[in-house]
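Chains as they are written, first to last, in this note's numbering: chain Y, 1 to 166; chain G, 1 to 541.
If you're looking for bench data, these hints aren't it; they were derived computationally from the structure. Using N, Cα and C, we set each Cβ at its ideal position, and we do this for glycine too. Some clues are possibly wrong.
Said to hold, decoys possible - Distance ranges between label pairs, derived from CB positions:
id	chain 1	residue 1	chain 2	residue 2	range
1	G	289	Y	74	29 to 35 Å
2	G	459	Y	156	49 to 55 Å
3	G	16	Y	89	56 to 62 Å
4	Y	40	G	19	30 to 36 Å
5	G	165	Y	87	55 to 61 Å
6	G	146	Y	40	42 to 48 Å
7	G	540	Y	8	39 to 45 Å
Unchecked claim - Below 30 Å or equal to it, Euclidean Cα-Cα: the simulated BS3-like pairs (lysine-lysine) are:
id	chain 1	residue 1	chain 2	residue 2
8	Y	17	G	162
9	Y	17	G	200
10	G	174	Y	70
11	Y	81	G	121
12	G	266	G	45
13	G	315	G	532
14	G	489	G	200
15	Y	71	G	315
16	G	162	Y	71
17	Y	75	G	114
18	G	377	G	183
19	Y	70	G	162
20	G	173	Y	71
21	G	183	Y	81
22	G	183	Y	75
23	G	121	G	174
24	G	114	Y	81
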Amino acid sequence: MTAPHDEDIKQYVISVKVENRFGVLARVAGLFSARGYNIDSLAVSATEQEDVSVMTIVVRGNDRVIEQVKKQLNKLIDVIKVSDHSDMPTVERELVLVKVNAPPNKRPEIYQLGEIFRADIADISQKTITLGVKGDPDQVQNFIELLKPYGIKELMRTGRVSLLKE
Amino acid sequence: MFGYPGGVVIPIFHALHNAPFKFILTRHEQGAVHAADGYARASGKVGVVIATSGPGATNCVTGIATAHLDSVPLVVFTGQVTRQQIGNDAFQEVDSTGITRPITKHNYLVQDIKDLAGIIKEAFYIASTGRPGPVLIDVPVDISKGEHKFAYPDTVHIRSYKPVYEGHPGQIKKACQLIETSKRPVIYAGGGVVISNASKELREFVMKTQIPVTTTLLGLGVYPETDRLALEMLGMHGTYYANHAVNESDLLIAVGARFDDRVTGKISDFIPNAKVIHIDIDPASVSKTVPVDVPIVGDCRRVLTQMIEQIKAPKIDEWLAEIDRLKREHPLTYERNGDDRIKPQFVVEEIYRQTKGDAIICTEVGQNQMWAAQFYKYTQPRTFISSGGLGTMGYGFPAAIGAQLARPDKRVIDIAGDGSIQMNIQELIVAVQHRLPVIIAILNNGFLGMVRQWQQLFFDRRYSHTCIDFAPDFVKLAEAYGAEGIRIKTYDEVAPALQKALAITDRPIILDFIVSREENVYPMVPAGQSFKEIIMREMLA
Numbered sequence: 001m002t003a004p005h006d007e008d009i010k011q012y013v014i015s016v017k018v019e020n021r022f023g024v025l026a027r028v029a030g031l032f033s034a035r036g037y038n039i040d041s042l043a044v045s046a047t048e049q050e051d052v053s054v055m056t057i058v059v060r061g062n063d064r065v066i067e068q069v070k071k072q073l074n075k076l077i078d079v080i081k082v083s084d085h086s087d088m089p090t091v092e093r094e095l096v097l098v099k100v101n102a103p104p105n106k107r108p109e110i111y112q113l114g115e116i117f118r119a120d121i122a123d124i125s126q127k128t129i130t131l132g133v134k135g136d137p138d139q140v141q142n143f144i145e146l147l148k149p150y151g152i153k154e155l156m157r158t159g160r161v162s163l164l165k166e
Numbered sequence: 001m002f003g004y005p006g007g008v009v010i011p012i013f014h015a016l017h018n019a020p021f022k023f024i025l026t027r028h029e030q031g032a033v034h035a036a037d038g039y040a041r042a043s044g045k046v047g048v049v050i051a052t053s054g055p056g057a058t059n060c061v062t063g064i065a066t067a068h069l070d071s072v073p074l075v076v077f078t079g080q081v082t083r084q085q086i087g088n089d090a091f092q093e094v095d096s097t098g099i100t101r102p103i104t105k106h107n108y109l110v111q112d113i114k115d116l117a118g119i120i121k122e123a124f125y126i127a128s129t130g131r132p133g134p135v136l137i138d139v140p141v142d143i144s145k146g147e148h149k150f151a152y153p154d155t156v157h158i159r160s161y162k163p164v165y166e167g168h169p170g171q172i173k174k175a176c177q178l179i180e181t182s183k184r185p186v187i188y189a190g191g192g193v194v195i196s197n198a199s200k201e202l203r204e205f206v207m208k209t210q211i212p213v214t215t216t217l218l219g220l221g222v223y224p225e226t227d228r229l230a231l232e233m234l235g236m237h238g239t240y241y242a243n244h245a246v247n248e249s250d251l252l253i254a255v256g257a258r259f260d261d262r263v264t265g266k267i268s269d270f271i272p273n274a275k276v277i278h279i280d281i282d283p284a285s286v287s288k289t290v291p292v293d294v295p296i297v298g299d300c301r302r303v304l305t306q307m308i309e310q311i312k313a314p315k316i317d318e319w320l321a322e323i324d325r326l327k328r329e330h331p332l333t334y335e336r337n338g339d340d341r342i343k344p345q346f347v348v349e350e351i352y353r354q355t356k357g358d359a360i361i362c363t364e365v366g367q368n369q370m371w372a373a374q375f376y377k378y379t380q381p382r383t384f385i386s387s388g389g390l391g392t393m394g395y396g397f398p399a400a401i402g403a404q405l406a407r408p409d410k411r412v413i414d415i416a417g418d419g420s421i422q423m424n425i426q427e428l429i430v431a432v433q434h435r436l437p438v439i440i441a442i443l444n445n446g447f448l449g450m451v452r453q454w455q456q457l458f459f460d461r462r463y464s465h466t467c468i469d470f471a472p473d474f475v476k477l478a479e480a481y482g483a484e485g486i487r488i489k490t491y492d493e494v495a496p497a498l499q500k501a502l503a504i505t506d507r508p509i510i511l512d513f514i515v516s517r518e519e520n521v522y523p524m525v526p527a528g529q530s531f532k533e534i535i536m537r538e539m540l541a
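Could you put the whole structure together from the sequences, leaning on the hints where they help?
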């Protein structure tokens, strides 16, 4: 999960606007993997412009290496703009789906928890409930922590998307 | 254009059969890429290569990486299996764009024949502008078999690619002020000066400021090494005075150079008292390893021109006197006696004497490369051609073929080792076929000399697998190919052999110089150490 041989590791959120073409994702991801950096999350999506995609990359590393990666990203021909959202005022959202053990006697608690986080009940089975929550990444993380005691069977997060505030 | 045919590029070769330009069939795809690279470095033009899919493409990889590390403009076409077959492990299929992604400036997989002309136009534009580099175009065979109305675009517009050429005026002013008040400035000029054709401007700048100049390996020739202000090469095997001057400087002016580890040694001890001005077209090179006080992103030639307009000379007489003294006291030397065999440095010096410094010198990699850099005095740009960044053995000879094709008016000499030359010797037939009088000067010591030197100095003299005196007869080999071959064993034979080689103008010549077995390259700053740890020849005597 972490970058090798480093002390001042922190988390960075980098937003990259790219040409909407095949191969771009591999180029971008390659700059991280070549340095032994693991991407914590990556969300790729369409934007308001049809031919532009945006990637929100969450990665841990140190300043020096991330600075170099940003410059290298800028050098990629298909990259239009790189912005570092790490220390900027942003709005961020993420979606999580959690399939949690839910014996009948625990269901009311789980429903209650879900209500607090405005979760969707996405699916119910004999033994489990699947809930969906969207929110900022901290909220999502809190929700997951609170569900852990019930036994999480499966979990999936979309990775965050991040926009700079006006 | 250089290349090698194969299954999926037959349609392209079908068209090449009566092409209005010269096609050079090398005997290995690696040779084709190095030859195109040598052509590009000698001429400043884009080198072009074509190879087939699969092994054709993978054989290109070393050549492409070599060009990438040294910022050489190439366009490499590879064939690919049909679009329908891609991803099915078809015969001779590899993911060529995937493999070359980290070693190209950009690459393309052509998906639609209507994009082909535009992609080719873009590829040449990207390869040759900004910080140049290799671009690969992977062409599926069903596309090269297809037909489409030819429409070559006049212009290229890539919204996300706009290299900055002009230096920021504010930064230039700041840089000039720093220079004018400096007491011990040094210019550190690299391959970027060659690429941007800024040698003339650099000389003008030095004429105005009188600041001494050291160059990197790839910068050799941008400033005449015969001049009083020339410190020659710096770094691991640089001159004592270049390394000393840089280390003692209060201002280092980097022009088109990237603070490679072979230059800086241990970063924390590098230039302890100097401020740094860094002129480079690639923003990613600035502050990458060494913090920079005044970064100037731009083309070396434009930025130097901007600076020449306003710069005033600093007062550095004392500094120059110190440098004169250093140059006098610590010249590059070698011990000529003490061994029956010829010293390799003597061979390089004799090549310099006989060509009067007017040849294009290509090198392989290792001791031969360092002696070629040290003992030949370069006075013009594009006369020293060598794999600096990747350090590719086997580069020099095919590059010499490319350089000779680009510059038929010049003598081209590959200074080689007996190890490196065997890595692409198959291209000898190409030089014979095209009557190219490339001279291959093998400094034959029966060792992979640079590794042996490290084994001697740092690995208890354990010469593990570096002895290669079980070797072919290079003279007979030359004859077998239809080239000229001469073996030289004594000092007396060196000059006549070179004279004879230089008189031949219609075929390649191998000069097999049997040189001192265990000669080392000095000075040497051991890898990862600082200038203070420099090993001088005298210290060992």
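So, going through the hints one by one against the coordinates:
no., hint, result
1, G:289 / Y:74: 29 to 35 Å, "18 Å, violated"
2, G:459 / Y:156: 49 to 55 Å, "52 Å, holds"
3, G:16 / Y:89: 56 to 62 Å, "58 Å, holds"
4, Y:40 / G:19: 30 to 36 Å, "52 Å, violated"
5, G:165 / Y:87: 55 to 61 Å, "32 Å, violated"
6, G:146 / Y:40: 42 to 48 Å, "44 Å, holds"
7, G:540 / Y:8: 39 to 45 Å, "42 Å, holds"
8, Y:17 / G:162, "16 Å, holds"
9, Y:17 / G:200, "40 Å, violated"
10, G:174 / Y:70, "26 Å, holds"
11, Y:81 / G:121, "24 Å, holds"
12, G:266 / G:45, "36 Å, violated"
13, G:315 / G:532, "28 Å, holds"
14, G:489 / G:200, "41 Å, violated"
15, Y:71 / G:315, "37 Å, violated"
16, G:162 / Y:71, "14 Å, holds"
17, Y:75 / G:114, "27 Å, holds"
18, G:377 / G:183, "28 Å, holds"
19, Y:70 / G:162, "17 Å, holds"
20, G:173 / Y:71, "25 Å, holds"
21, G:183 / Y:81, "41 Å, violated"
22, G:183 / Y:75, "36 Å, violated"
23, G:121 / G:174, "39 Å, violated"
24, G:114 / Y:81, "28 Å, holds"
When held up to the earlier numbered hints, the structure conflicts with 1, 4, 5, 9, 12, 14, 15, 21, 22, 23 and fits the remainder.
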